[in-house]
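Undergrad: Listed here are the chains, written in short residue letters.
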Amino acid sequence: MNQERKTVAVLGAGTMGSGIATVMARAGHSTLLFDVNEANLQRGIGTVHGFFDNSVKKGKLTTDQAEAAKAALHGTTDLTELSRSDVVVEAVFEDLALKKDLFGQLDDIVPESTLFHTNTSTLSVTGIASGSRIPGRVVGTHYCNPAPLMKLVEVADGRHTADWAHKATIEFLHSLGKTSVVTQDRPGFIVNRFLIPWENSCILALEAGLGTKESIDAAVLGALGHPMGPFRLLDIVGMDIHQQVAMRLYEQLRDPRFFPPPMVDRMVAAGDLGRKTGRGFYEYDDTRLFGS
Amino acid sequence: MTPSTTDTQSPLDLATFGLLGLGTMGAGIAQVLAASGRTVIALEKDEARLAAGVAAVTAALDGGIRRGKVTEDEKAEILSRIRGTTAVGDLADVDAVLETVSEDLEVKTSLLTEVAAVVADDTPILTNTSALSVTAIAAALPHPERCAGLHFFNPAPAMRTVEVIHALQSDERLIDRLEALVDSLADKIAVRVKDRPGFLVNALLLPYLNDVIQELDDGLATAEDIDVALKLGLGYRSGPLEMLDMIGLDVHLNATEAAYAATLDSRYAAPPLLRQMVAAGHLGAKSGSGFRTGPSQTS
Numbered sequence: 001m002n003q004e005r006k007t008v009a010v011l012g013a014g015t016m017g018s019g020i021a022t023v024m025a026r027a028g029h030s031t032l033l034f035d036v037n038e039a040n041l042q043r044g045i046g047t048v049h050g051f052f053d054n055s056v057k058k059g060k061l062t063t064d065q066a067e068a069a070k071a072a073l074h075g076t077t078d079l080t081e082l083s084r085s086d087v088v089v090e091a092v093f094e095d096l097a098l099k100k101d102l103f104g105q106l107d108d109i110v111p112e113s114t115l116f117h118t119n120t121s122t123l124s125v126t127g128i129a130s131g132s133r134i135p136g137r138v139v140g141t142h143y144c145n146p147a148p149l150m151k152l153v154e155v156a157d158g159r160h161t162a163d164w165a166h167k168a169t170i171e172f173l174h175s176l177g178k179t180s181v182v183t184q185d186r187p188g189f190i191v192n193r194f195l196i197p198w199e200n201s202c203i204l205a206l207e208a209g210l211g212t213k214e215s216i217d218a219a220v221l222g223a224l225g226h227p228m229g230p231f232r233l234l235d236i237v238g239m240d241i242h243q244q245v246a247m248r249l250y251e252q253l254r255d256p257r258f259f260p261p262p263m264v265d266r267m268v269a270a271g272d273l274g275r276k277t278g279r280g281f282y283e284y285d286d287t288r289l290f291g292s
Numbered sequence: 001m002t003p004s005t006t007d008t009q010s011p012l013d014l015a016t017f018g019l020l021g022l023g024t025m026g027a028g029i030a031q032v033l034a035a036s037g038r039t040v041i042a043l044e045k046d047e048a049r050l051a052a053g054v055a056a057v058t059a060a061l062d063g064g065i066r067r068g069k070v071t072e073d074e075k076a077e078i079l080s081r082i083r084g085t086t087a088v089g090d091l092a093d094v095d096a097v098l099e100t101v102s103e104d105l106e107v108k109t110s111l112l113t114e115v116a117a118v119v120a121d122d123t124p125i126l127t128n129t130s131a132l133s134v135t136a137i138a139a140a141l142p143h144p145e146r147c148a149g150l151h152f153f154n155p156a157p158a159m160r161t162v163e164v165i166h167a168l169q170s171d172e173r174l175i176d177r178l179e180a181l182v183d184s185l186a187d188k189i190a191v192r193v194k195d196r197p198g199f200l201v202n203a204l205l206l207p208y209l210n211d212v213i214q215e216l217d218d219g220l221a222t223a224e225d226i227d228v229a230l231k232l233g234l235g236y237r238s239g240p241l242e243m244l245d246m247i248g249l250d251v252h253l254n255a256t257e258a259a260y261a262a263t264l265d266s267r268y269a270a271p272p273l274l275r276q277m278v279a280a281g282h283l284g285a286k287s288g289s290g291f292r293t294g295p296s297q298t299s
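Chain order of the listed sequences is A and B.
Here the first sequence is numbered in my numbering, starting from 1 and rising by one per residue.
Here the second sequence is numbered in my numbering, starting from 1 and rising by one per residue.
Estimated spans, in silico, between C-beta atoms of each pair: (1) B:R275 to A:T63: 58 to 64 Å; (2) B:G63 to A:R84: 55 to 61 Å; (3) A:A270 to B:E145: 39 to 45 Å; (4) A:D265 to B:V88: 53 to 59 Å; (5) B:A59 to A:S175: 39 to 45 Å; (6) B:D62 to A:R266: 50 to 56 Å; (7) B:D218 to A:I134: 28 to 34 Å; (8) A:S175 to B:D265: 43 to 49 Å.
These are calculated hints, taken from the structure and not from any lab test.
Bear in mind that the values here come from a model prediction, so they are computed numbers and not experimental data.
All residues carry an ideal CB built from backbone N, CA and C; glycine is no exception.
Go ahead and model the full structure; you've got the sequences and the hints to work with.
TA: See the structure below:
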């Protein structure tokens with residue numbers, strides 16, 4: 001458990017936001033989950049509570065620990081309630097204007113010493129930081145999904161990120177039990193920078209008849225030590241998500257390796273998005289992504 | 001691991017292999033074939049190379065014993081099935097030939113021509129090439145329909161995938177036979193592929209590794225952080241830069257240059273930093289220096 005109890009605000013109660021709020025509350029920080037929509041907020045809080053209940057069932061947390069973590073979490077739809085935050089982590093939609101606007105509004109609400117973290121996966125940290133009058137306090141902290149289970153956080157400074165903010169961010173992530181890697185503010189950081197062209201090249205190889213989905217998955221699994229083949233992974237990620245991330249990176253990089261191959265468009269058009277729709281490259285009876 | 005000797009066991013197909021070369025790949029493949037109950041006659045240039053190859057197999061098996069995966073009896077049986085020779089004539093009666101010599105078309109075809117002259121006309125002649133065209137190798141040999149690729153990954157005992165490569169000339173029945181052969185090896189998966197540059201796995205892997213090397217040179221992150229990110233973020237067993245150190249940077253350079261020459265696809269073009277590392281003798285684990293190994297670590 002963390003020595004220093006901070007007040008952490010998480011913006012956006014979607015999948016990533018509620019996952020990050022889970023991480024913060026579990027580490028003992030006083031956690032405030034913000035969403036403009038009350039229904040989204042309640043759903044997000046429900047997700048966090050559900051995670052803690054599950055941790056108790058799996059023996060990872062005691063009932064007392066789970067209750068303490070739940071008690072550390074509060075929700076709000078009022079941005080001004082974030083005034084005492086030491087750290088703000090934004091995990092709202094991948095919309096530059098929205099993210100900039102939130103940081104600009106928070107400038108008037110929180111002290112100058114508050115750290116601003118953005119969980120963007122495809123936008124420029126520098127661009128988001130420009131929404132704050134103090135861009136030096138903005139740092140990119142890209143969590144992996146599901147955030148409570150994945151140790152990795154990619155840390156990227158914007159052009160104007162201050163040294164103190166970078167150092168405080170690394171220390172903070174360490175206190176959460178996360179492993180941080182430091183990367184540049186470039187599209188895709190490290191993981192998506194290499195994953196998206198990799199997945200695209202596997203899709204193109206399939207279309208070109210280098211193998212079947214089964215043989216490519218099996219070959220990659222058996223030769224490269226990946227935990228699953230590229231098509232099993234795409235089915236979990238979702239073809240719509242892959243298409244969006246690939247397109248956003250392509251728009252910034254203009255590098256054809258990032259362009260989603262036509263097969264992606266066809267699968268999205270057909271509604272074959274992966275596990276969540278019961279069919280992607282493979283067919284599924286069970287549409288849950290990470291078990292219950 | 002040890003084949004049953006009961007009556008119900010059908011005799012092994014391709015029971016005796018002539019294995020050309022007992023280097024890293026050859027030694028690993030010899031171990032895999034011998035563990036399946038097959039006899040391996042390994043051909044090398046001299047006794048010293050043979051001894052080094054047998055020592056490598058012995059060391060690998062001792063590692064297996066330490067991990068509780070191999071027994072002393074199995075080790076003795078496997079080693080007893082691997083014989084060495086320096087005379088091509090000793091391969092006359094083998095059921096199949098598999099070459100694992102250096103990735104040089106001239107070296108491979110001249111040795112295989114010698115071997116083809118002593119084995120039967122229908123003895124399968126297989127290549128473990130990763131960089132050359134199996135079709136081009138077959139074309140240099142008499143009865144090319146008995147040629148195909150059988151591509152193991154390094155280290156051969158650990159990596160499950162084996163690509164069975166159909167050259168333009170390959171007899172379909174030979175490909176079926178090789179798939180069955182791979183199925184008879186412990187824990188291996190046969191993947192049937194066409195004879196394209198890089199086949200399947202390297203066609204995907206080489207551009208990815210080149211991309212990582214270029215981004216490292218361009219300062220995206222340290223070598224360690226790139227590896228850590230991809231291992232923790234994607235669950236890969238090894239990061240791309242530690243994988244390159246294990247493959248050997250010279251081996252990777254050779255493979256990607258061959259794929260580039262065959263396709264003129266810029267994704268296969270060797271990144272300048274790769275050439276520099278090889279020029280400086282930083283070849284990875286085997287030279288004690290590489291991207292993640294020793295003093296030449298780039299971060």
